[in-house]
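Enquirer: Residues per chain are reported as follows:
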Amino acid sequence: MPEHSRRNVLKSGGAAAAAVMAPLPDGPRPVTAPHQVRQAAQPKAVTDLTLEVNGERHRLEGVEARVTLLDALRERAGLTGAKKGCDRGECGACTVLADGRRIKACLTLAVMQDGRSITTVEGLARGERLHPVQEAFIRRDAFQCGICTPGQIMSAVACIEEGHTGSEDEIREWMSGNLCRCSCYPNIVDAVADAAKAVR
Amino acid sequence: MRDFSYVRPDAAAEAVRLVARSADATFVAGGTDLLNLMKDGAEDHALVVDISRLPLAGIEESGGRLRIGAMARMADVALHPVVPKRLPLLSQALLASASPQVRTMATIGGNLLQRTRCWYFRGTGFACNKREPGSGCAALEGRSRWHAVLGGGDHCIAVHPSDLAVALRALDATVHTLGPDGARTVSLADFYREPGDTPHIDNALRHGELITAVEVPLPPAGTHQRYLKLRDRATFEFAVVSVAAVLRTRGRIVEEARLAFGGIATQPWRSAEAEAALRGKPLTERNIAAAGRVLVRDAQPREDNEFKVELVQRALQDVLGRYTGGSR
Ligand SMILES: Cc1cc2nc3c(=O)[nH]c(=O)nc-3n(C[C@H](O)[C@H](O)[C@H](O)COP(=O)(O)OP(=O)(O)OC[C@H]3O[C@@H](n4cnc5c(N)ncnc54)[C@H](O)[C@@H]3O)c2cc1C
Ligand code: FES
Ligand code: FES
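So the protein lines, in turn, are chains A and B.
So the first sequence is residues 1 to 200, counted in my numbering.
So the second sequence is residues 1 to 328, counted in my numbering.
Isolated chain B (complex conformation) (with noise of 0.2 Å):
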């Protein structure tokens, strides 16, 4: 790690200011994945601002949705007492993440800013047009087991990482945020960025945008919330293929399926498509099919990947498969 300043401000609008000013400041949470990036050298910054005391910790429920303050840990999210019951997704997915260890450390604003694990990203010795814009991708025409089959392009198929992002689509989550020019809030589908031509933009904050909270939609009762992460070994692993289901049934027709699928795309991914071709329709294993086609319909899968474009529609069975009563 290069040596850098480091301080930790009273208030949010100050650490705001610190990092908006300057180009190479950067904000550190949990620290769990900044210091990794700067070990690795995949990121370099002059100045780190500290905002892990700030009072952004707090967890609140009213008026039917949950609040969940960016610099709570992952650890204490999953374990909340209203998350379990009304959020029992999130609190899957958050349990289905990293360690006990690092689920301590790590906060939920962090969690949704950690940065791809593609190895090239992260390993100096490659081309990486998100490391280094204009660089090339090594991903391409090199090793892509971990690599995106959906929302990728000419100039890069990294993943996104996290669970906790996938869950929080599925769930129609927003991003509450503090900037220099004042607060906002941006829903999460329009939070993270297809790569395009400009990977190493991840998402839509300006630089020195603090996110402070996060804010879910609570699901009446009785809708069905699972989520589902399959991996290399049986625990402490990144997804290679995920789905986050939220569905609401009556009898045995869909009246909605939240759809959201990680390991496969560059971003937490949602297909409009699939949802509707369940939408109103019977839950059976044969139209859970026709929707897994639809969600792979434009795949664009590699040598080392192909595997998860079946993956991800048998993922998708065995979610939604426990709801249908045994319907074909």
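Just chain A, with the same shape it has in the complex (with noise of 0.2 Å):
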């Protein structure tokens, strides 16, 4: 089987050589890693990238491709809020906004959203002020173990931004992307219709 490396990628000329930097903000480099990082047989790519996060701009450095956002968000910017429940997509704790919109974090790769602006639970309180998502959430009680908490949030401030707060089902098909174990959907709903009118 053919083995990429930087070296047998960047050989194939100038276009693939183009094809293999990434857009850096401070001028491109070659996403692929220089060998001495590992000598097994396995090609070993790490790259270095950039994230907006929160409004601070974070140098993520020899990050391998195969990071998800939500580990390198996790372990590298040391942002622990977006949680890891199923790493499947499946659960949505890990929800955050990219360019302002929800995704889910564990579903994508690092790399591919260098140069993007994620916002995550941490970002949304303005110094003690907490959002009108979180007040809603504090006050309604719409949550136990919490575990599903900062997904929850993310999906809502995306959810009332969307405009999809019309009604009861309309939130609960609008949210349905996360799952709380706790089951504090009804305090779910009644907390995103609250901040929704608070917001707008």
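Calculated from the structure, these hints are not laboratory results.
Remember, it's a predicted structure, so these values are computed and weren't measured experimentally.
Don't take every hint at face value.
Said to hold, decoys possible - Derived lysine to aspartate or glutamate pairs resembling DMTMM-like cross-links, with alpha carbons at most 25 Å apart: (1) B/Lys39 to A/Glu61; (2) B/Lys85 to A/Glu161; (3) A/Lys197 to A/Asp99; (4) A/Lys197 to A/Glu168.
Take the two lone chains, each set in its own frame, and fit them into one complex as the hints suggest.
Expert: Written out as structure tokens, the structure is:
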């Protein structure tokens, strides 16, 4: 089987060389790793990337291509707000905003999000002032163990922004990507409805 | 996930070239299926070529057709101004798929190419001819509630899980591609493959061939369109059975009924015989029931999925029944 390493991808000529350059803010750089990172037979691709997280520029160096956005946020940027529930896109605990839209951070590679602006639950409050969705979750007692809550809150922020809060049924449908093992759904729906009014 | 190399080329032709030249390279668009497949070990790739930022996300109407770029996200297509109005079936199928977050990420091209949710395929501890040709099929003797009653065989009974593909099949869509040998167009009718004895081949694409767009003819005004998806919970679940219908009537007489079915077959399923059973006849409960019987005539159910034979007929009755005006 052909191996892909920096060397054999680069040596295929100018066009291919351009292809392995990621458009990083501070100029193009090869996405694949220098060989000394690991001498195993398997080629290993490592990259530097930049994420703007909660308004702050994070330069992440030496990130393996296989690292998900979720793992990069939790383990490299030190932001553990986004949770890893299933790691398969099924639970929504890892929900964050990418360029303002809600995504599941476990289903995308960090390198695929290079240059994007990410918002996690840590980025919602303004100093001591909670975001209206956070306040509504507290007021409505919309959590028990709390593991799903950061994802619920990020999804709710987007759900309200998208305008899908016209009725209880609409909220339930458009919050359906976020599961709650403690089954706080009635209170979550109330919190989202309250917050939608507060935001508008 | 095993480690791999990653590149993000600027041009579609370059992406095609990079994947086409090595057997263990693949594309990634939204990543929502590929990442799961690689985490589960059902797929393994040494090179992942990111096509998600290629300028192929446009949606354009011209000459009575809607052309949807392969990189358009499910969420954006479902809510595009033309789609709910002219292709409500497409909009309904997309909004009944996955979750809002997945729909924001997932692309139209990736959706058509998502792989089966058969748990024997996704769980590497089982025999699976689709994952590992020649290893056998654990579903044949195993739990087959999610499996096909039509279009299967001795080698594979896995269902194609896409709701979008079912809707597009009823809408007579075509797929535009770019391969190492250039561009071509494939009708969706010829796109998916019956498993036969090569269930590892899902579709007509060659290795390295990129879907660039999907094109849908816009049905004339007054055409009824509806997608019905039956699942084990109210939402955020794959179809147990689904029906996509495009129906044109003159008075009570059916001029055209294009019917596609999900959940029951190895690929998005159409039955020319069932459609013919309705054409030119009054749309009545009895004629719909006759079409349903024709649809399942060759069904090969197993213990766990026998219920689908009855369920799909009732689903068809539900979908078309609202247009009969109460005629039995
Ligand atoms: C929790 C969950 C629930 C889901 N529920 C549903 C559901 O109810 N109904 C439903 O229909 N789907 C459902 N899905 C599946 C989802 O719709 C697909 O994962 C998604 O559409 C795949 O698109 P993508 O862009 O993310 O593809 P990727 O994961 O990026 O790619 C999938 C495959 O297609 C190939 N590929 C992608 N784009 C192209 C292209 N343009 N040309 C050639 N090859 C390409 C890739 O190489 C890969 O093999 C669900 C997924 C999850 C995670
Ligand atoms: S951890 Fe991402 S959806 Fe569950
Ligand atoms: S509060 Fe416990 S999972 Fe939601």
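Enquirer: Evaluate each hint against the coordinates.
Expert: Hint check:
Using a Cα cut-off of 25 Å, the hinted pair lysine 39 of chain B and glutamate 61 of chain A holds, with the two alpha carbons roughly 23 Å apart. In summary, the hint linking lysine 85 of chain B to glutamate 161 of chain A is supported, as the alpha carbons are separated by about 23 Å, within the 25 Å threshold. Taking the CA atoms of lysine 197 of chain A and aspartate 99 of chain A, the gap is near 24 Å; set against the 25 Å cutoff, the hint holds. Of the supplied pair hints, the one linking lysine 197 of chain A and glutamate 168 of chain A holds, its CA atoms being roughly 13 Å apart against a limit of 25 Å.
Hint compliance for this structure: every hint is met.
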